[in-house]
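Chains as they are written, first to last, in the numbering used here: chain A, 2 to 265; chain B, -6 to 214; chain C, 80 to 295.
In case anyone wonders, no lab produced these hints; they're calculated from the structure.
All the pointers check out, no bait thrown in.
Listed next, the in silico SDA-like pairs over lysine to any residue satisfying Cα-Cα at most 20 Å (straight line):
| no. | chain 1 | residue 1 | chain 2 | residue 2 |
| --- | --- | --- | --- | --- |
| 1 | A | 128 | C | 207 |
| 2 | A | 176 | A | 10 |
| 3 | C | 192 | A | 105 |
| 4 | A | 128 | C | 206 |
| 5 | C | 192 | A | 159 |
| 6 | B | 9 | B | 189 |
Partner residues aside, some chain A positions facing chain C, computed with beta carbon under 7 Å:
| no. | residue |
| --- | --- |
| 7 | 59 |
| 8 | 61 |
| 9 | 89 |
| 10 | 90 |
| 11 | 96 |
| 12 | 97 |
| 13 | 109 |
| 14 | 111 |
| 15 | 121 |
| 16 | 125 |
| 17 | 173 |
All C-beta atoms, glycine included, are put in the ideal place defined by N, C-alpha and C.
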Amino acid sequence: MATSSSNSPALLEIAEVSKSFGPVAVLRSVSLQVTKGEVVTIIGPSGSGKTTLLRCVNFLESYDSGSIRIDGKEVGYRDSGTRQRRSERDLAAMRAETGMVFQSFNLFPHLTAAGNIMLGLTKVRGKSNAEARSIAEHWLGRVGLAHKADSLPAELSGGQQQRVGIARAVAMEPKILLLDEITSALDPELVGEVLAVVKSLAEDGMTMVMVTHEMAFARDASSRIVFMADGGVSAVGPPKEVLAAETTNERLRTFLARFRASHF
Amino acid sequence: MGYTLNFNLIWRHFDKLWGGLLLSLELAVISIAIGIVIGLVLAVWYVSAGRVVRTIIAAYVEFIRNVPLILLVYLVFYGVPTVIDLAYSAPTSFVVTLSVYSGAYLVEVFRSGLEAVPRGQLDAGKAIGLTPWQRLIHVRLPTMLRITLPALSNTFISLFKDTSIASVISVPELTYGAQWINFNTFRIVEVYLVTTAMYLVTGYALLFALRLVERRFRAAR
Amino acid sequence: MLSQILYALPFLAEGFALTLWVSLLVVVLSLIAGVLLGVGLVYGPAPLRWSVRIFSDTIRGIPILVLMFFVYYGLPAVGLHLQSFWAAVLALTLFKTAQVVEYVRGAVASIPKGQSEAAMAIGLTFRQRLTSVIFPQAFRRFLPPWINGVTDAVKGSALVSLLGITDLMQAINQVIGRTYEAMPLYILGAVIYFAVNYALSYASRRLERRFAFIRD
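Construct the entire structure; sequences and hints are all you get.
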């Protein structure tokens, strides 16, 4: 496949996925492969289908045709031919294989920081409370919030909440981490602390697919960048190639020019 | 078991229900009209008054809200004439009760409406040199009424349903008509089916109409 | 006059006990039925959702009094014989249930979609999402309006007097029938109802504050 960067088998394999909301096509036959340990960043103008694609990977959105496989297993459907949805139980098990961090954090407000992380560990992974607690404390330490284990989300800043969000996702030891514009809702001065956590996870070899508007971060942290436009993959490659000012891709050039004008 | 529906007797006495429905509506309309006056006056007074007046108004509101309507209806119809030398008919007595009752709910509605009027509007009123009285009439009340319109509609619909309580002092409204037919024809299921339908159709038609009026008001501004 | 009222106090107390008993039954039964139907309204299959919607809109669209007469006189007509006490409790419960259904719907609807999605993303099943994420949050939003509505049940219970059940309202009317002291007894009754409901709404405000720790 032209979009694959290496010869090792793909961990995530998105093949010709299409989706429409009514008459509007949001994804047009999107294909993308991600190998283990890669950090793939999806950029593109709003409405280009970035977030929708990400949400298809853990089946928060269904798609009309094509297939998405993780480790060779179809995500949302029993098999891509019949397009029969997986049972609720199977879907939950598949989703536990991916982690997701949301733009709006979506922490559970009735649970403490540790409680947020422990919920999946106890209910899905079947760990004891004590074990879950120690894993939660470990990850809270990793994101620099060991002292906030017993704080409720409402008592945390946006940046702290998002770091708990990341800890909640990675504590499940997912095969892939999906990051959906995770700094867009943050005040500018809080963006750095969150990106630092993502960067350290990348260095540990966590496979990640992220949607972001932080171009500088995308350039530094990504193995590959995917540029989406009008629901399709318009360009894909190493950051240096895709973000090069002299690209021949017309749409990409406009996007980058507009981006530079407004952000630098 | 084996109950067969037979609506003939209901239609023969339908004037009892139809007349009852009209009276129910009349009672509700008069009561909310008086209730609005009570509510407005007390709400405006409340927000500008001192501790004593506020306490008295709050006591009125709390008292009415925490006592069953049926008891208030009895109290006004059977109780009050024993201590005050006043003679009034059952419908009048009921209108008095329901007005005082709705007034208590509307004080709350209007009070919170008055407090929801943005400060900036009042300042703008001051800035163009309106007197306090002019500010109330031309700025505060119109804005407050628009804010409170949905709550007013809801109050009216529930008052319409509350008029059924008037049957306990033999006011010949819709519920009374239903009981009359119930006791005189024993077509029990039929009469309550028809009565239920009449309350439902009227109630939802009113609600629909009032929502249209609300939308008009919003669009007109 | 005072001695007559004092003489009637034990009788009034019995009526008052019945008022509390009816209210308690209605509150508990409608809570159970309302929560079940409310969850059905939000998460059930379409036929169930429609049935609950029609039930709730119908019940809330008619006066309680009409509902009570319908149940009390109508059920025997179709061959179902209930004691008047239970007919009254059934009617009041139906009415209250429709309210509880709406509180449940409102509470669940107020939980942002992101909460479900976050719960899905960590692999919780539908049932786990409800029990661990949605319901604990919805509960805190359900509680204030529900507790406020308890006073409605107490006030509504006064209507059972019309079915010849000797609750506080009926006891007052009966004592007036014997003593002709209408005004003092109605005022006494009003004060008792007021005291109970005011205490309830005071307690509800306290509880509301205790559960208000979730900021929006």
